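Chains Z and X supply the protein sequences, listed in that same order. Residues in the first sequence are numbered consecutively from 1, following my numbering. Residues in the second sequence are numbered consecutively from 1001, following my numbering.
If you're looking for bench data, these hints aren't it; they were derived computationally from the structure. Just so it is clear, the structure is predicted and the values come from calculations on it, not from any experiment.
Below, computed lysine-lysine pairings styled on DSS-like, alpha-carbon distance capped at 27 angstroms: (1) Z:149 <-> X:1047; (2) Z:168 <-> X:1047; (3) X:1051 <-> Z:142; (4) X:1051 <-> Z:168; (5) X:1047 <-> Z:142.
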Amino acid sequence: MSIQRGFDLTPAIRVSGLGKRYRIAPHQPYLALRDRLEAALRVPARLWKNERSGVSEKRGEIWALREVAFQVQRGEVIGVIGRNGAGKTTLLKILSRVTEPSAGSAEIWGAVRSLLEVGTGFHPELTGRENIFLNGAILGMKRREIQRKFDEIVAFAEVPEFLDTPLKHYSSGMQTRLAFAVAAHLEPEILLVDEVLAVGDLAFQKKCLGKMDEVAHAGRTIFFVSHQMNQVRRLCSRVLWIDSGKLVMDGAVAEVVSAYESAMSRGESEEPRRARGSEGETRFMKWYFADAREDEHPNRLESLGEVTVRFELRLASAVRRGHHGIALFTANRELVWARALDGLRLPPGLHTVSYAFPCLPLRPGPYFWQVSLWEEGELLDSWDCLPEMIVATPNLQHARDDWNGVLNLPCEAAVTEGEGVEVA
Amino acid sequence: MATAMPTELVAPEPVRIGPSHGALHIRLNELWTYRELLYFFVWRDIKVRYKQTIIGLAWAVLQPFLTMLVFSLFFGRLAKLPTDGLPYPIFYYCALVPWGYFATSLQNATNIMVEQQRLITKIYFPRVVLPISAVLSGLVDFGAAFGVLIGLMAYYRIVPGRATLLLPGFLLLAMVTALGCGLWLSALNAIYRDVRYVVPFLIQFWMFASPVAYSTVLVPQRWRWIYGVNPMAGVIEGFRWALTGQGLAPGPLTAASAGAVMLVLLSGLSYFRRMEGRIADVV
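Here chain X stands alone, though its shape is the one from the complex (with noise of 0.2 angstroms):
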């Protein structure tokens, strides 16, 4: 049984294999070949997340409901802290919706180059479909979540408006956020072992950072931009005014946002493809 060769007479550009001296392009036509591999990684996650348990996809829902309640009794009506004039439920679970998504992409992020170990270091994809995959399966769970709001927002009898068409926007957001923040750990978790230790420190710090507990509305109108600096920020802000219509309306603060989180983004690949060659080495 002969197979027909290809029959060219000039022999095609050669794949060369060298030592990277930290190159930087990200070579995204790459991507586009392995895409069908990201499907399967996600597909695989998501899969295996519904067969292992139906605790699996409560908890996500379960712990935003949770830390809403916990949040509603304390924060809102025994500090009675401003809460744009939402009902207290409302207000934080609007928030800890994008908010549980993003922190649970993160810590998945960290994870899954050491998890992935054995897929690394014997076959070849562009190693950035492991953060991306971690990502995009983190939203089932969003998914989930977001129909308790859907419910929760019936419940309470609010309404949204035309605001919410801008709602998948700032569901991208969040998305590049916790991508451009995931490769950055994702990579240093591959190198430095230590890394994911501090991950929920630093999840349990942003989320006060941003306004999940509180409202903007407490930060001084002139300091706002800066605040926006934290990505997280402009995303829940905008989860918030989207569905509800309260609270501030996309402004400066968003503007800082996605400047922000463009910049973490870029670095973040930048030096996710700089460690790319070692991460099979120590991995």
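With the rest of the complex left out, here is chain Z (with noise of 0.2 angstroms):
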């Protein structure tokens, strides 16, 4: 579906400075009255201030979200990644007006509904049909909206048959179901969800992604916080990456998404670089690709076309009868690919390596090459080049994450009628 989606100069959201702070008394599961109280006949005035110091001794502080800042325009869709704890659902939380900000401000033009939890609000004891109206209600769906939608919203959900039995009959599956069908159809002017696409059984699923393809398409505004790379680089057009309160990175999807995922496989301790260029050694120097421009991303990776790959070599001392290997890791190291080239005559100084493909369907994201050189079974040099290299094509594979392999092979596919017929 490829609708015109012209952004709006009108800003939707605007958040500078934004910050929450928790304050956490490590020794207290809650708050009690009479120790409260018991404070306060020590110093009266804190009683009637909204401040809760005096109580412990001891208080720690975490900020859950620290100067946070940016824009997003009417008709955008934002993903919002980051590992868990990160500060995504806090930041939803503030934007949502469930939990004050601490610092800063935001701004928000138009209606807001944010989708935190499918399901808030299901009581077990009423009927699917009156919970129809309670969810509703309790998302922001006026009464009347509730009731034209209704048969749609059964439709969905799959359930006509147990309107009439109460929630506890259900299945978790249908409760689910029914949650996420009356959640699909908000028709907010602006729309904040937390990663709560990733529910229910593959065909629900894919109607679910449907859905939202829709709402996105239409023009509205998404605020969206996901684990799913997959859908996060199909529905939106722009990514924050948040990690420990702090916005890290905003911009386009693909940037930011194979950043984030180079971090998260390079894990918290990043190896100390070997610093390469040291005189007199036998060294693999770099790697690039063959065509990249001076203004591209020299590990950036972003055609389906041809691609060369070259690694610039310095050999100290000649070769006689080299053995060189090359292997393509993925971001979890796994081997991907891999080629060896036996009987190299090399003279000292510097000597390009070059591979040239014909395609790199590769699934997009971070990959890592490895390159070595041995010589009469002495290794000379081996070495897990860094930058990584990114590839930022098109994905044109399942739109589910688990479902995605490795190949993100470009094919031709066709259903005809009859029998035996070639599909080209």
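Mind docking these for me? Both chains are given alone in their own frames, and the hints should help you get the complex.
And the structure:
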């Protein structure tokens, strides 16, 4: 579906200096009035103030969000990614007005509906029909609106026979479907969604994604937290990466998602980069794409066409029977491809090893080249190449992350009537 | 499928989100916007109560009735406390019906924020809707107990006079009292979890401080207006007087009650609004 998406120049959300601080009293699971009263007897003024100081001595404080600032135009679909506990849900909660920021401010133009959870407010004693109305009202729909969409909601949830049974008799799958059916029929100007799309069986998942697509293409502003990079790539035009409460990156989908994926695979501690270039040693110096232009990122692959990868090798001494190995690994260190060249005779000096591929149909994400050079059983050099290669081609595979393999093969698919037809 | 987007050329006023500094404005217009949600909360409470058991509704009637029996026996027949010339059951039951409504609403309002924790942490709506819904849904139980009261009055052949027209006013007074106190307690309980354990004791104590088990006649004339600072005193006396014509006619006591209740309501609203921001974080 290619619908023209012209972004309005009007902002939909503008956030500046947003921060959220939580005070943790490590030894107190909850506050008791009696403690407060005791403290109050000591310092009467504190009782009225909206403060919790003076109740316990040591007080930990964490900033769940700090100095977050960005602007979202009307009609944009923004993905928010980051590790668990990074502050994404806190951001959504602040924008939904569920919780108040401790610092900074946000301005929102338009009605906001948030989906921080599906099935909020469902009561097991009420029937499906009653719960649809209740949940719809809680999500912000007017009664008339719910009535108007009632049949659609029921059809989407696929539970027409069970409408008048209490919800407690529904299976958990049915409950989720019902919850999502109501949520999917929200028509807000701004929609905030928190990781709720990964529910249900495959068929239902497809429907939900389809509906999300519909909503996205209808020109609404969507703010969308997800751990499924594929969904993010598919639906979003822009991505915010939040880590430890800070906005680490704000930019185009491919860039931010790839940077995020490489960071995740690299893990916490970065290996100390080996100094490459000490004299008198045989070393692989660097790698690059053969026809990369000046302004392009040197490690980004954006084309599914021909590509040539080059490695610079500096030989300190001649090689008579060299064995060169090359391997390509995914972010999870799975081997994708490897090859070896034997019987190399090379003089000392700079050399270029070139690999020309008609195409590199790889699933988008970070990949690591590894090259090595051996001489008669002795390892001369082995290099886990940095920077990683970022494949930023369009993803031609399945919509769901878990049904995406390493090969991002372009192919023509057709279904025709009759038997024995060759598919070109 | 393209949906027509609003075509204002000038951006409308945005909603500003920022740290509140204990703002006191009550935002009644926002409450009006969320009136349907209030309706749904009350509807849900009532439906669930009906669905769960018949006993649920019967208890609403049984509790004041049984208490009335105990009072009639011990305070009335045995202790012979004055009852404004009314038969013991009528005297006590007239008070126990509004009292029961107040006590139930208070307990429900105290607990509602913590019970609805999931809702509060996921959806935005003016939080004050919750204690209001607790106060409103108590009216169903009140209605049932009131029905029994009518039956009782018929049995004792007590005919209500013109004063009964003022009954809705006293009911309103009861509701406002429940709301004012409910706001305080629900905010307090959301933040300090041990408050709900105090409430049963508070209600017990309060009942004896109100003219439920005895008549205001016991209180000397010149102290009656101070006694009236307990808003339930005004409510109970008013109920009795409106229904039976006996007891204290509205006067300084009622005025004191009404004044006290406005104070409780306004301070309750203010405290609640002040704490609202924190509630989602701690509930």
